[in-house]
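Residue strings, one per chain:
4 protein chains.
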Amino acid sequence: MLVVMQSHAMQAQIDKVVRVIEEQGMSAHVMPGATRTAIGITGNTGAVDKSLFEVLDGVEEAIRVTKPYKLASREMKRDDTTIEFAQGTVGPKTFTMIAGPCSVESEATMLKTAEHLVARGVMFLRAGAFKPRSSPYSFQGLGLEGLRVLEKCRAKTGIGIVTELMDTEHASAVEDAADIIQIGTRNMQNFSLLKRVGKCRKPVLLKRGMSSTLEEWLMAAEYVMAGGNYQVILCERGIRSFSDHSRNTLDLSVIPPAKALCHLPLFVDPSHGTGKRAYVPAMALASLAAGADGLLIEAHPEPDRAMSDGAQSLDFAALDALLARLKALAPAFGRTM
Amino acid sequence: MLVVMQSHAMQAQIDKVVRVIEEQGMSAHVMPGATRTAIGITGNTGAVDKSLFEVLDGVEEAIRVTKPYKLASREMKRDDTTIEFAQGTVGPKTFTMIAGPCSVESEATMLKTAEHLVARGVMFLRAGAFKPRSSPYSFQGLGLEGLRVLEKCRAKTGIGIVTELMDTEHASAVEDAADIIQIGTRNMQNFSLLKRVGKCRKPVLLKRGMSSTLEEWLMAAEYVMAGGNYQVILCERGIRSFSDHSRNTLDLSVIPPAKALCHLPLFVDPSHGTGKRAYVPAMALASLAAGADGLLIEAHPEPDRAMSDGAQSLDFAALDALLARLKALAPAFGRTM
Amino acid sequence: MLVVMQSHAMQAQIDKVVRVIEEQGMSAHVMPGATRTAIGITGNTGAVDKSLFEVLDGVEEAIRVTKPYKLASREMKRDDTTIEFAQGTVGPKTFTMIAGPCSVESEATMLKTAEHLVARGVMFLRAGAFKPRSSPYSFQGLGLEGLRVLEKCRAKTGIGIVTELMDTEHASAVEDAADIIQIGTRNMQNFSLLKRVGKCRKPVLLKRGMSSTLEEWLMAAEYVMAGGNYQVILCERGIRSFSDHSRNTLDLSVIPPAKALCHLPLFVDPSHGTGKRAYVPAMALASLAAGADGLLIEAHPEPDRAMSDGAQSLDFAALDALLARLKALAPAFGRTM
Amino acid sequence: MLVVMQSHAMQAQIDKVVRVIEEQGMSAHVMPGATRTAIGITGNTGAVDKSLFEVLDGVEEAIRVTKPYKLASREMKRDDTTIEFAQGTVGPKTFTMIAGPCSVESEATMLKTAEHLVARGVMFLRAGAFKPRSSPYSFQGLGLEGLRVLEKCRAKTGIGIVTELMDTEHASAVEDAADIIQIGTRNMQNFSLLKRVGKCRKPVLLKRGMSSTLEEWLMAAEYVMAGGNYQVILCERGIRSFSDHSRNTLDLSVIPPAKALCHLPLFVDPSHGTGKRAYVPAMALASLAAGADGLLIEAHPEPDRAMSDGAQSLDFAALDALLARLKALAPAFGRTM
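Chains as they are written, first to last, in the numbering used here: chain A, 13 to 349; chain B, 13 to 349; chain C, 13 to 349; chain D, 13 to 349.
Bound conformation, chain A alone (with noise of 0.2 Å):
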């Protein structure tokens, strides 16, 4: 159930419903909006009464939601989301780029990556200190070590950092360290997980499961939205198929859809999604065109020194290059960068 106000309704108003809606042991979530705001209503246990709210003053009204996500759902919230940072925004206006190596690696490359990313305007660095192997011999990542050192970046230079979690143990440093905490791709079910960065106050950019439909993604989002957590950033990262021309299926045909069902802001990431640094560009920059927020891109001061995924990394030449091409298309999708 959505309860939508009018334009003009006071704070007054609006903490009446949510009164309304706690007393029958329901949850509110208040989400504002550009015109007015909408108050989605979770966990009833069936059938809401809908004259329970279209009695109170400043109600519009009350509809009903038929998709299995409410809160993500451009039923519950019309306007595009959009998330502000100290170093800028998030949304339909700006398109943003996330860039760095796949792990954290040595503080000095990790500085010189930084600088080099905030001296081109890059907002956000990426970075992982947990690391996801598909093998438990692989190096797994510098730990908690790794977010000291993504902190002492930030402190620096300024710039953001996007990091990904693995566990609810760790769901607190994480929160910490990062200005964007980063759900991976194998845990995109993991819904454990997104309970526990539901109750984080920081954003996630949650990827894509490799075999999801855009349904379950919407769901996941759905799960770290019901907890209170509204600002999620999907992020398309190549699906599996029987394709074998790149290391996963870049699945660019799911942002329109995407956008039109749900609010939150979308990025891709043609780096895990084509797994060849050379197709990297190409991708990026049709994503910007297919009507992507943003993007999460590997970049490495020396990619054949990476150590992991190197060859999918770009090196900084190659970036700059790419962020140049960006910044000169972005106007022409209503986008500053």
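Everything hinted at is true.
Mimicking DSS-like on lysine-lysine, the simulated pairs with C-alpha atoms at most 25 Å apart in a straight line are:
#1 C/Lys288 with B/Lys79
#2 B/Lys339 with A/Lys105
#3 D/Lys339 with C/Lys105
#4 C/Lys339 with D/Lys339
#5 C/Lys79 with D/Lys288
#6 B/Lys207 with C/Lys207
#7 A/Lys288 with D/Lys79
#8 D/Lys207 with A/Lys207
#9 A/Lys79 with B/Lys288
#10 A/Lys214 with A/Lys105
#11 D/Lys79 with C/Lys288
#12 A/Lys288 with B/Lys79
#13 A/Lys339 with B/Lys105
#14 D/Lys105 with C/Lys339
#15 D/Lys105 with D/Lys214
#16 A/Lys339 with B/Lys339
If you want a taste of the chain B side facing chain C, the calculated C-beta under 7 Å gives, among others:
#17 Ser147
#18 Met178
#19 Gln201
#20 Met231
#21 Tyr235
#22 Arg252
Every beta carbon over 10 Å from chain B, so not counted as near; a handful from chain C, in silico:
#23 Asp92
#24 Glu119
#25 Ala340
#26 Leu341
If you are wondering where the hints come from, they were derived from the structure by calculation, not from laboratory data. Only a predicted model underlies this, so the values are computations on that prediction, with no experimental measurement involved. Here a beta-carbon is modelled for each residue, glycine too, at the ideal position from N, C-alpha and C.
Following the hints, put chains B, C and D in place on chain A, whose structure we already have.
The following block gives chains B, C and D in isolation, referenced to the frame of chain A:
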């Protein structure tokens, strides 16, 4: 095996190489490039002796080709293939639109469509006279009568005709009526049909099979080229995957690797790829950005009255808007339209 | 529309129903069952008036069929279809083996194989005279000469012949030579070819397309049946998936729903399905257990010398061992072999 | 690296090898086999010197293992793994049934089910106390209270308990309550969870991820084993494909290659694999025929009243009929039940 001629090689030297190849019972495929001519050898059983050619005048080197496709490969022909039509050029410097209804409909509808397209500078009209329908009880197309309608459209407006060939029986009729012979996704590995269009002297638009790997697709092009028809246009139209947000999963990620391995023009069909008209423009723009050479778009004066696939057809207003955006963007990708 | 006759309906009453159907410009398909006859109607444009038939003598009811396939559906024909051959019966009470090399090879090899099979009670020899090969440079089969070899095998041993038809051009030749005409996976939606074999009077073994849904497969069978050839055998041979442990993903799980929806015999080809001879026996036994009516198995006197697909061929010792296990198990599934 | 001991090697010689491995900072995994003991080495960084071990008494040879999984591989342990329970043995000589409802329901329902199962000789009861649900608004299971219900069932009937663990937080509670800890398909690459159950001392049933390759699945088993828990049971439960005839595509074809590469027991879950109860028995029989070691079957006294997944649950009559057929067939596959 590929025999690469010196850049100043004379025609007589090229002829001599061809003669030597044919004396060995093999086939020679002369492929002139921007700076030099290469001669592909096919039809060999077992390894070919390189020294046989390297001693001939005008030969720079003989190269063993390891990919299973030869004539389609960049190893054989480094430069992008361009194809010249009365209506203009298809290739790396242009961005070509092919538009029209799914099926050939009444002469009035087709003429109206052709005139609209020509007025906007669109080079090609597409429409199926022979329709591959999954049900034997569905409308199977107007057949030869449909070809007559298409020929009238060309006669009256000068537009080029793109139409599908489904079997060897109608090969001559379609070759006569069409400027580009379309091979549909379901026939991508109909090898008898591929061999037949290898004998045609009209360019072939070869749709990717819905579960075809890149290599299988290039091998299908190779079938056509091995028959002597080197004018093949590849066309991505969506693959089968678990994903259910659209009719097929349009695989734009195949463009960079296809372009890296193969010199042929590559088009995208976002209408079949998505199955929903609302998603077509974003995917069309992304195709340009990803490196495609053109588009195949379903358009109809009254989509809701189309005889088939109306849900994925643009109306003329939407088509015009898309054309305007593509024309504005094309120069940023080194193309004119 | 399906007209179900009363169980005691006379031939004259059936003939009358057929006449009424044809007078309406539609086609009648008379399908005798164990207890009653049903008459399928195809070729209607728009809805058919039930009352037209329900007033006729001997008619029990007229049923609207909602599945897109009619003739192939259990709604049309409740009883399992059996097909009679000189060599025996294919259907629900038997378990039928079709075995032989991938391609027709020398007359000596083929005769040796046929004699071995006949001695073990195997009813059918399979081998391709026309071979769909992904490369134009690969061996394309012996062609008409291969058909001659197969005919000699039948003449000398009495074995039934199963061989692939790739194009309408060779339809008569293959129909003459074969007891069962095979349509390969790549041609499952070659609708021109399906229509052509609908006119043949030999049973058709229709392989599932490698990315075909169950409905598309049954629609392909419907194409053949709509042409008047009701003797279709379905054959599962592995689908395309992300999975890379075998050449294709043999989909035994399609057997129960296919059997629930369709009355046609269903075979399994575990040789192409797995691509590895070591996995063939387990999948063959599982096919019997899952409800299949027979198998298509690659077998060769000397697999390592086979002209194609040797890696998936059983040698005669392995084939004999498999036959012995199948014969022992068949009665547990209500079948003889 | 794998150190293979001579068949008459003494315990002191084995201990010495372990000591040498640990002195190098690596981990030793002692794996006794039917005729000889092998000792796996993990945790090495870079290549290990074979000669270090080949000079020790009792060592037959040291083998470099090239697969990315070691402890799970046949190279490491040739003999099939058997796992002993109070209720009986899981392994190559038996065929084991695990049955029960999707979710833990009322104590009365669970006890009724457990008693029914024990009376038919079924060793294990399955039911989820913690449920991974795609919607945050769906019933999430009874949690710890559900574990109490399961413990009561075991206390009263002696049946073994199989239940899912979704996060590290509840690992101890589930380990205490369960005889087999189930890891669900969505958590197959939740590496933190895999590491945690590697520390448990109860066997782990590891469901295949819905888009997991065989190698990724065995690597997930390797994660558990690398932690010291060698009692892993693999469980196929259907993969994601384009195919829509059932909820998932049950991949029985993975059984022969999994058995060839890996010594662990392998079960099949045809209930989730098909999603339809009518298809379960055929797939269960086929699993036995294909080489599986057991089944996971959803069964419920009143499927139409089940709290989740009723459509795929067998009622007791259907379960009993299936058990009777499996018991009759098992000896033909060298198994007792």
